[in-house]
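Peer 1: Read off the chains here:
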Amino acid sequence: MEGRFATFGIIAKIAFRNLFASRLKTAIVGGIILGGALLVVVVGSFVDSVVAGMRRSIVGSVAGDIQVYSSQSKDPLEVMGGFSLEAPDLASLDDFARVKQVLETVPNVKSVVPMGINGAIVPSGNTIDVALAHLRDLVRRKLSGKTTPDDVAAYEAEKGHVHQILSVLQGDIKNARQLQDEKALSPEDAAAVNKAISPAFWADFDKNPLDSLEFLENRIAPQAIDADMLFLRYVGTDPAAFARAFDRMKVVDGTTIPEGKRGFLFSKFVYEDQVKLKTARRLDKIRTARNERGEKIATDTELKRFVRENSNQVREIMLQLDAPKTALFRDKLQKKLGSSEADVAKLLSSFFQTDDLNFDDRYDFFYKELAPSLELYRIRIGDTLTIKAFTRSGYVQSVNVPVYGTFDFTGLEKSPQAGALNLMDMVSFRDLYGFLTAERAKEIGELKKAMNAREISRDNAEAELFGTKELAQPEPAPAAPLTLPLATGPAKRGHDNGHQKKGAAAAVPPAPVPAPGRNIVAEATPGLNPPQGEGVGAKLAREELVKRVYDPAQLESGAVLNAAVILKDESKIPQTIAAINAAGKQAGLPLKAITWQEASGFIGQMVVAFQAVLLVLVLIIFLVALVIISNALVMATLQRVQEIGTLRAVGAQRRFILAMLVLEGLVVAAVFGGAGVVLGALIVKVVGKIGIPAPNDVSYFFFSGPRLHLVLGTGNLVAALFIVFVVSGLSSLYPAWLAMRVNPRTAMQAEEG
Amino acid sequence: MKTIVAVKNATKNYALGKVTVPALRGVDLEVAEGEFLSIAGPSGSGKTTLLNLIGCVDTPTSGIVEVAGKDTRKLSERQLTDLRLNTIGFIFQSFNLVQVLSVFQNVELPLLLQKKLNGAQRAERVEALLKRVGLSEHIRHRPSELSGGQRQRVAIARALVTRPQLVLADEPTANLDSVTGQNILDLMKELNQTEKTTFIFSTHDARVMAHASSVVRLADGKFVDRLSSAEAIAAGVNRKAPAAGVS
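Sequences listed follow chains A and B, in order. The first sequence runs 2 to 754 under our numbering. The second sequence runs 615 to 861 under our numbering.
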């Protein structure tokens, strides 16, 4: 025993001393091992932290730990959205209350949030529509003789505004002429603009305002589409339950949706990115890039592009300016720029031609002096949104919801991914999705009663429908045509709700209605656009849908598409999924539970991709390391052939040689691998404390906040040491085999005499 | 006198690419215990090959090599290694010390491989032997801190530390100046006489042969003759071995 110990001692001594004897080899091998171990620890911790960050972001912003949806769905659930804008084909879970009850029997379930995710096209304010509607309102007051001096001033200002829009339009036409074939432009359209801008038209306006307005609305407004269609993705949910379950959520502007009220909360990101005046948004982006990321307009191509766009695209601002505002802007900009230019468009263009020296000054000037006269947001908090969505059966369904405010998630304020989803009450969601809500079923029942609806056979349907009852004729639709294109429908602003209601309430006969309570998905679009008349249905339709209060119990009792499940112990996801699936089976519910990662779709797959990339990277690095280390060891072994031969000659068995070389490898692995791990851990600790700043907005999601704080996982330390030992073991195999084959004769072969 | 080494019609061929090079072409040799035998011959005569066979670091292509009564062709690689460890000591032309070990550790190494003695016994034996070869002062030194002669003394101590029956020395003085070489030979001779250890060494140095009890001459892989040292010197084996006159 003592002898063995001494033998080990001598092997260790030879092995250890050899590290110093062949310093180059030790430096190469040790350097690689140190670097490799360090890399595994640092990169491993980085990826782990990113994965954990993404998990926090995904779990905390919409997915929850587990998502549950119907197993009868054709497509998989993707709460974060896939590549296409098309919503996945999901079967509904008809009775959320029952689903919730079943889910809550699973011990690890903390809370369940009802959900449905869909996308909608939302027409956002078209300036000329709004201006004309406002003008029509003022004309009406003028005609009724109930005008205040303020109204008179507003009337003149709005006329000036429309005139300003017409000038912009005329400019557009002139530009278009230069770019396109003359024939491509409709001569009638150009003639209409020319007519509208002529002094004669405006001289006639005061005398015959309604006809003039109609001309503007029918011939000019369609040419002056300035607003983009917003495509909004929204999650219909129980707002209160959502806020409780996702505690990073906070309301930024306005308030949350009150209990029992229909309502819409914009994601702050969407609100800023898509609803805000584009010029202002670009100024914000330039400022953020300059202040937070130290970028320069002079060197950054994206910032240069923003400046160029701001300078070229002043039309959006110009359309907002009525006569007094135009004068005000001219005055302010002339003073600011020291220019005598009279054209406000040119003044704005040169004002937005910013560089690194004047940017901060112009930014402040814009917000202090110009912005107060502008609508910075196309949709304001308090406005009512008309959301038009395709139902499952393909009809366009439309619902009015007031915008209560904006929200974001703490730490994810700047993330486009976390900010992609807006929030809506579940009841409105069900309407839009084509579910028959309890409220709607009741309404339809009343409608049927009031209209003496009865079963009619297919054979005599025509006679029954058109032969006996006259359809109510719609009022001439004013600003908002009901037919497609959707883009012409203006947003319903708070101030023109009354006006808008008539537009929305135009006549389309009620579609055939399925028996309530039987088929949860309405075949058509029940109750949309109820008819004019004196019946209960018409009365209901005239009520402001948005003011209607629903029973909070409805949130629970109706259908949902999916549900987010928050767990008590988030480490037990697989077990809980199994338990949920089993509970669903037992209760006869078609429940399918999936992890947050699956539910998040494409983004969740990136977690896997990250880990796969890391694995491949580590594999490649260590394969290369293996080859280099093996080579270095072979060289070192060849240099030691005589020593090894001598040891063999004086009586060392092959296993002694093997042990010696393996021990040498282990000593190198332990010393340098250990050093690498310690160094790596130190780096992770230090960097973890400071945090890696998110390089761009997208990374906020992966970092789950503005900075990624690396977390040192023991797993990575163990993995690094394990890999180091495996690699050194493997790489010393070949040299060890060579060494074992060294013939003791070689000891004798020195300078053969 | 008991025979320690018996070589009977041993041949050894080396494959050099596709060509087979005969290094030994049927050599017979008997070495008795206690001899101080020199193997002489010019370069390529087969001295080292014969020593390799006797030293059990190689086995003959044909014929028999018996060391301490064991037919080396019948032994496994491990058994050959054990035979070397326990029966034979080696002294190399270029000393072949383990550079990273101290003088003491180099000498102690075979004892460690043998695993027969405990630490105190090993230390006692190593220190006694180092004193014997005159290196008591250098016990902690590394080989690189020693002169050539001192290194060869360490090698001799290492060869003798297991008290082998046979010590093989391949041109032990070739890398040493003549005075040092003389001292080394004196030491070997002295050990041969006091310890009764058999020494077989190859050389082509006449002064070295002068110490030998007998000189075996080889040429072209064949046994030429076996002379007393005086006869060998007289025959001028340090010069080219007589090509003619060999029968």
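Please note that the accuracy of each hint is not assured.
[Said to hold, decoys possible] With a cut-off of at most 25 Å between alpha-carbon atoms, the simulated DSS-like pairs for lysine-lysine come out as follows:
no.	chain 1	residue 1	chain 2	residue 2
1	B	K729	A	K14
2	A	K262	A	K389
3	B	K810	A	K14
4	A	K75	A	K277
5	B	K745	B	K810
6	A	K333	A	K277
I should point out that these hints are in silico values taken from the structure, not numbers from a laboratory. In this text the structure is predicted, and so the values were computed from the model without any measurement.
Peer 1: List, from low to high, the hint numbers that the structure doesn't satisfy.
Peer 2: Those not satisfied are hints 3 and 4.
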